[in-house]
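Sequences are here, hints too, so could you generate the full structure?
2 protein chains.
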Amino acid sequence: MNPKRISIIGSTGSIGTQTLDIARAHKDLISVRGLAAGSKNLQLLCEQIKEFRPALVSVPDAAAVEHIKNFIGSEKLPPVEIIPGMEGLVALAEDDQSDVLVTAVVGFLGVKPTLAAIKRGKIIALANKETMVAAGHLVVELAAKHSATIVPVDSEHSAIFQSLLPSLQKNAVQTEVAKLLLTGSGGPFRTWSKEQMESATREDALKHPNWSMGAKITIDSATMMNKGLEIIEARWLFNLPVSKIQVVIHPQSILHSAVEFVDGSIVGQMGLPDMRLPIHYALFYPDRVPSERVPRMSLAAIGQLTFEEPDLEKFPCLALAREAATVDDSKACVLNGANEIVVDSFLKGEIKFVDIPRNLERVLSEHKPIKSPSLEDILDADQWARERARLVLTA
Amino acid sequence: MNPKRISIIGSTGSIGTQTLDIARAHKDLISVRGLAAGSKNLQLLCEQIKEFRPALVSVPDAAAVEHIKNFIGSEKLPPVEIIPGMEGLVALAEDDQSDVLVTAVVGFLGVKPTLAAIKRGKIIALANKETMVAAGHLVVELAAKHSATIVPVDSEHSAIFQSLLPSLQKNAVQTEVAKLLLTGSGGPFRTWSKEQMESATREDALKHPNWSMGAKITIDSATMMNKGLEIIEARWLFNLPVSKIQVVIHPQSILHSAVEFVDGSIVGQMGLPDMRLPIHYALFYPDRVPSERVPRMSLAAIGQLTFEEPDLEKFPCLALAREAATVDDSKACVLNGANEIVVDSFLKGEIKFVDIPRNLERVLSEHKPIKSPSLEDILDADQWARERARLVLTA
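Taken in sequence, the protein lines are chains A and B. Position one of the first sequence corresponds to residue 33 (the working numbering), numbered consecutively onward. Position one of the second sequence corresponds to residue 33 (the working numbering), numbered consecutively onward.
Hints listed in this document are in silico derivations from the structure and should not be mistaken for laboratory results. Beta carbons: idealized from backbone N, C-alpha and C, even for Gly. Hints should not be assumed to be uniformly reliable.
According to the in silico footprint, chain B covers these stretches of chain A (three or more CB under 8 angstroms from chain B) [what the hints assert, rightly or not]: (1) 81-89; (2) 196-207; (3) 290-299; (4) 320-329; (5) 338-349.
Dropping the structure here:
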């Protein structure tokens, strides 16, 4: 096997550093061609450059370029091409010396480079949720046109991808799949009553039972908005109607998701909750390579897996996202943008946990949806959603 | 899709009738080209001929041929070619108007037709355990040479086949698979102590918790010899050493088996315990076709799946089979043949449940194993095993 040449957009974040951890463990099989990161942790990016020696680097602005240049000079490292801003991200995406683009940035920053990599027919290891939630229809259309492969890095979507690979490879997902079974732990409030949830605190909501993640996504798990956004992602990634996507509560987070085929057979993927597993899979796709980092799981040691139906009444965010996923318009984008602002407000202690869906409902009710939105429509809708959410929160 | 043309060897048995039940539900997609059955239930075979109108029929002898001919005459059915004996089974297997051969007979009768179908490069829906247990090395070698596809019909092996299909298709099972996880319910004695098992009766052993099967295979489940024979089958079907095959006890029989890949990912197949699922899958392989017969499963309705390590001390038959699977010689064949006789003796009330492994151990200890046995060696070893088992039982 020739070494995989990878580039990472968002190399200093959680997915980015875990991707490099896998690259570190497989130096003979992975070479790092490009790294891009924000200004928040330039020192970490410098250390990554020193360790992995990428040929291409992108940072947000001239000041950051200067910082990197100084580091390279002081460390007497060989020269590196540094391109600032969106131009740099797109350069990384288009670079024909790289096989796999890992899009690990948060937010809309990921959309343009993802589309650029698709146009080059690359393998995209997609960890940037916004790209699929807001611009899924554009991504899917372009990927089909350019025969690009999008390998999801979300554990649920990676599980579905692995489970339906034979159908994907012969382009028969539409005829062979009855349902995608998207599993979710149910979050910290799974066993709480609706009444108890009225008084849920920030600390209660931040206690995720299985996964250790950032604050925003942990709150999304508590509201189950996270599972809702995953329905939207799955809808586009696998090109199936929402009616064929079902959420199953699975508190142990071992079955990462499954596929029910039209013949009644269910195939699913299991593993310990560790993001390095879907990252590793995406980096080496379509091959399976022995992992030096992913912890092994024993079913007998786990002992028990349980499953339940989700409670849509207790988790109105899940219902909101389902509805937004059903209509192919700008609603999903608005839901995503408004959710970021509303969750931020909750994290600052400004609103109650149960106010999260209430505020989102208000924003959505005021939105005039645009059918099959263009990239510009999407950026506008996102901005509108954030502004309107701020207004609604202070009303 | 062109209709699949199938032939069934053993059409009046459990797998045979279930195969025809699926053909009945999919008349536009499946045509029955050939049927073969024993003399035990000729009336059922006649009804099958009337309903499915095969072109080729095989029965054991001239008397049975006469019976079928009389039926066809009295019912004024169009003429059917009827070939008696092994010649008939091989004719069904070699028939170039048939795409899939379902080998649903019990015992060594299945070996020759299976090998004949392999030489024609057909798809073989394999439900005949003896073929793989005793002659696995011959089957595998021949299948590779003639690019024949063996799709297992056992629920466990079908689950493994479905789970590792991408690796199978690119011929990468050796490098991509860490372990096969063969699940088993643990049978009726899973929760019994070793002491309690000393007094287990025929009735106790015949109470299988999940599957409804014939008496012999139900006893094999109770001793776990069944799981042991499945280890031997899996070893050949997927060409992996026994050290990579692990038995996991799973009392609910929902996860039918799974594959642990070298990257730590576990992919498994689930469904209700119903043989029509693996049969349906094998008939339509490589496509997935909506099933009219397979019952649907809801994970939330099932609620709970549990897993445990097997207890080799309580189930010595499992250890015996594991050992026989490790050495590639005539031991597996002897174990299988002797087991049939010993289980029969138990069913007749002649020996205690715990005497089953004790008698098998004695037969095995007296066997002089033959390395890479030929088909003739296998038939000899089988006969020797049965005779020696009878001797040991009466000693």
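Outcome of the hint check:
1. 81-89: Since 0 is below three, the answer is violated.
2. 196-207: This one holds; 7 residues, not fewer than the three required, reach chain B with a Cβ under 8 angstroms.
3. 290-299: Check passed, 9 qualifying residues.
4. 320-329: Result for this restraint: holds, n = 8.
5. 338-349: Three-residue rule met by the segment 338-349 of chain A, so holds; n is 4.
Of the numbered hints given earlier, the model fails hint 1 alone.
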